[in-house]
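Chemist: Single-letter residue listing:
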Amino acid sequence: MIRLEPRETATTTRLIAAPVIAAVAALLLAAIPIATTGTSVFEAYALMARGAFGSVFAFSEMLTRATPLILTGLAAAVAFRAKLWNIGGEGQLYAGALAAAAIGSGAIDQPPIVMIPLVIMAGALAGGMVMLGPTLLKSKLGVDEVVTTLLLNFVILLFVQMMLEGPMKDPMGMGWPQSEPIIDAAVLPKLVARMRIHGGLIMAFAAALFVYVLLKRTVWGFEIRAVGENARAARHAGIPVTATFIRVGLLSGALAGLAGVGEVAGLKGYLTADLSPGFGYAGIVVAMLAALSPIGVVFAALFIASVFVGADSMSRAAGVSNYLADLIVAMALICVLISSLFVRFKVRFVGRATGEAA
Amino acid sequence: MSDIFEILLAANFWAAAIRIATPLIFGVLGALVCERAGVLNLGIEGIFTAGAMAGWMAVWLGAGLWGGVAVAALAGAFFGLIHAILTVPLGLSQHVSGIGVTLFATSVSYFAYRTALPDVSSPPRIVAFQPVDIPLLSDLPFVGPAFFQQTPMTFLAFALVALTAFVLYRTPLGLAIRAVGDDPSAVEAQGLSVYGLRIGAVVAGSAMMALGGAFLTMSAFDAFFFGMVNGRGWICIALTVFASWRPGKALIGALLFGAFDAFQVRLQTEVGAFIPSQVFLMLPYLLSIAALVMVARKADYPRALLTPYFRGQR
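Chains A and B, in that order, give the protein sequences. Per the working numbering, residue 1156 is the first one in the first sequence, and the count goes up by one each step. Per the working numbering, residue 5 is the first one in the second sequence, and the count goes up by one each step.
No wet-lab data here; the hints were simulated from the structure. C-beta atoms are modelled at their ideal positions from N, C-alpha and C, and glycine is treated no differently. Just to be clear, a hint being listed does not mean it is correct.
Just the calculated beta-carbon pair ranges, DEER-fashion [claimed, not checked]:
{"id": "1", "chain 1": "A", "residue 1": "L1184", "chain 2": "B", "residue 2": "L12", "range": "22 to 30 Å"}
{"id": "2", "chain 1": "A", "residue 1": "A1204", "chain 2": "B", "residue 2": "D123", "range": "24 to 32 Å"}
{"id": "3", "chain 1": "A", "residue 1": "L1291", "chain 2": "B", "residue 2": "L260", "range": "23 to 31 Å"}
{"id": "4", "chain 1": "B", "residue 1": "G252", "chain 2": "A", "residue 2": "T1373", "range": "44 to 52 Å"}
{"id": "5", "chain 1": "B", "residue 1": "A190", "chain 2": "A", "residue 2": "K1295", "range": "50 to 58 Å"}
{"id": "6", "chain 1": "A", "residue 1": "F1212", "chain 2": "B", "residue 2": "D123", "range": "43 to 51 Å"}
{"id": "7", "chain 1": "A", "residue 1": "K1295", "chain 2": "B", "residue 2": "Q134", "range": "48 to 56 Å"}
Pairs of lysine to any residue residues, derived as SDA-like cross-links and limited to a Cα-Cα distance of at most 25 Å, are as follows [what the hints assert, rightly or not]:
{"id": "8", "chain 1": "A", "residue 1": "K1324", "chain 2": "B", "residue 2": "V297"}
{"id": "9", "chain 1": "A", "residue 1": "K1371", "chain 2": "A", "residue 2": "I1401"}
{"id": "10", "chain 1": "A", "residue 1": "K1238", "chain 2": "B", "residue 2": "K302"}
{"id": "11", "chain 1": "A", "residue 1": "K1423", "chain 2": "A", "residue 2": "M1327"}
{"id": "12", "chain 1": "A", "residue 1": "K1295", "chain 2": "B", "residue 2": "I86"}
{"id": "13", "chain 1": "A", "residue 1": "K1371", "chain 2": "B", "residue 2": "S97"}
{"id": "14", "chain 1": "A", "residue 1": "K1371", "chain 2": "A", "residue 2": "T1167"}
{"id": "15", "chain 1": "B", "residue 1": "K302", "chain 2": "A", "residue 2": "K1371"}
{"id": "16", "chain 1": "A", "residue 1": "K1238", "chain 2": "B", "residue 2": "I86"}
{"id": "17", "chain 1": "A", "residue 1": "K1295", "chain 2": "B", "residue 2": "V299"}
{"id": "18", "chain 1": "A", "residue 1": "K1324", "chain 2": "B", "residue 2": "F284"}
{"id": "19", "chain 1": "B", "residue 1": "K253", "chain 2": "B", "residue 2": "A193"}
{"id": "20", "chain 1": "A", "residue 1": "K1238", "chain 2": "B", "residue 2": "P93"}
{"id": "21", "chain 1": "A", "residue 1": "K1295", "chain 2": "B", "residue 2": "P93"}
The following residues of chain B were derived to be distant from chain A, with all beta-carbon distances above 10 Å [said to hold, decoys possible]:
{"id": "22", "residue": "L65"}
{"id": "23", "residue": "I86"}
{"id": "24", "residue": "L96"}
{"id": "25", "residue": "S101"}
{"id": "26", "residue": "L196"}
{"id": "27", "residue": "L259"}
{"id": "28", "residue": "R307"}
So that you can see chain A by itself, here it is in the shape it has in the complex (with noise of 0.2 Å):
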């Protein structure tokens, strides 16, 4: 029988290892997959790292697929610390980007000094108040906030096509359903000359460092912690459990809003249905993958993002479908699920008999 048994200490070295360890195990069980296609697995890795590795190009687009992925895993982190469900990524990232592109489209015009502010502010305001709902009904009901979450993605997508098809659906774009293209003062800057990389990927790092500094050294950092590693423990001893999970998730939704806002003025500069290729969903996996760390969350993410990258790139040299990409990231999240066993708990393979005994 397997008995698991706690360790005293989870040691640095460890916390650092398992997700390592685990990345690079979703990377050798990929070579199944890969060899049942009769590609080289050799040759498709390599294809794979050059893609998101090989060239500046190559790594700008890497850096370009990380800006998102480190914001809706900084959503998702923030939330599981708390214990608070948030699997609705995706639909505050849509909320987010409807409101960039609905405030950044020209109905407000001012210099970009005022409008960049601005739009960044609808967007987080917006994906933070999708998850008002459900944080309420969870904290006010107990309604289960995973269902509900989950539920509003498809619901916000919906609402996103329903706007790009009426109200919103830019006259000149020869009938697509699209948003009018952002002005150029709510445009966010581009890093590099000639790249894809924007200002988002500042945004991305900045809230990453204010999430650190917010669970490490606030007190509303202590409380999302207490309560999530206790709810009930955190109300005896007098603290705000309802409140902190409100707060908690305004700040997941508008992490993932700025998500959205990173992709439309940012990157896209307009708003379409097909934004987001999951990017909520891939926050998760991102989140796990840094044990819930806002600091591990942005290198979760760089390679998450190289994953996708790499393999976008590899399947147009070598012809095995893209979707290893996500097969990758599928297994990433389960081996890392078992990665994090081994720094919580000693594994121990013991016998019927003594089993029984303990």
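With the hints as your guide, set chain B onto chain A.
Modeler: Relative to chain A, chain B alone:
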């Protein structure tokens, strides 16, 4: 108003309601069996996809239709086993493991489909289950065409409701499954295996879920599409709470949902010019949330749901 009555009195409306409800019946039953044993299975959306893909592909490769159903169930059992191992003996977060299984099962299915059919723009079709006429019953006016001219998988879904209810409430095994979701230490005190019961329930429940996916490709449609599950799995998770974890209520909930969905499609053709189609498409999700809110206060969760059990530990 008269239009609304016309819709409700048409046999094809009720036939459609039952057709829409069928995959949900499989899904809710599966989710219910897992949760009764104390394990939330958010892998359902991926298991639906895997069932849809595996069943379809088996038939496409030459298996019979019922062979395809069996392959789908096996695929569901496989992903259920992964979820069960992660959450039962290893005690990992049921939420995160479930999301992981959904991502894994979905991406495996898409990857396998794309690898088998690299350059196909229109998905290849199979000969799917056809509606069968049940002698005498299907000749009844109104009731016949609505209820008794369905495909065999719909009848299987109804039979499974009865079977699940019988096993859960009338057999020692069912008693043990319900007990392990409420008070696992009491079950262990009786000398039964908590791990065995929970793993078995999750595997069986996941196999049922996969049948819901198989219905999509082998009965409702005759091909596999990307994104064809489209949130049906998540709706099942909501319906499970609505059904208070009871098979009979699960059937009623799925049928109500199917009736509502069939109704909105028909209403849409009446008023589609004034109201954007997306409003109607949103309704099933909003309705699910409303249902959760309605039953939240009296929801009688299996008491050990989400709580891992470790032998010899309290």
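Chemist: Please test the hint of 23 to 31 Å on the beta carbon pair from L1291/A and L260/B.
Modeler: Cβ of L1291/A to Cβ of L260/B: about 26 Å, so the range 23 to 31 Å holds.
Chemist: Far enough from chain A: is every CB of that chain over 10 Å from the CB of I86/B?
Modeler: violated (7 Å)
Chemist: Regarding the pair K1324/A and F284/B, is the alpha-carbon distance no greater than 25 Å?
Modeler: holds (20 Å)
Chemist: Within 25 Å, alpha carbon to alpha carbon, are K1371/A and T1167/A?
Modeler: Holds - the C-alpha atoms of T1167/A and K1371/A are around 16 Å apart, at most 25 Å.
Chemist: Run the distance test for K1371/A versus S97/B: straight-line Cα separation, threshold 25 Å.
Modeler: holds (24 Å)
Chemist: Measuring Cβ to Cβ, find out whether S101/B lies farther than 10 Å from everything in chain A.
Modeler: violated (6 Å)
Chemist: Taking the minimum C-beta separation from L196/B to chain A, is that value above 10 Å?
Modeler: holds (14 Å)
Chemist: Holds or violated: are the alpha carbons of K1238/A and K302/B at most 25 Å from each other?
Modeler: holds (23 Å)
Chemist: Please verify whether K1238/A and I86/B have alpha carbons no more than 25 Å apart.
Modeler: holds (23 Å)
Chemist: Against the 25 Å threshold, does the CA-CA distance of K302/B and K1371/A hold or violate the hint?
Modeler: violated (39 Å)
Chemist: Can you let me know if the beta-carbon spacing of K1295/A and Q134/B is within 48 to 56 Å?
Modeler: For Q134/B against K1295/A, whose Cβ atoms are near 50 Å apart, the range 48 to 56 Å holds.
Chemist: Taking 44 to 52 Å as the hint, is the beta-carbon distance of G252/B and T1373/A inside that range?
Modeler: holds (51 Å)
Hint compliance for this structure: hints 1, 5, 6, 8, 12, 15, 19, 21, 23, 24 and 25 are not met, and every other hint is.
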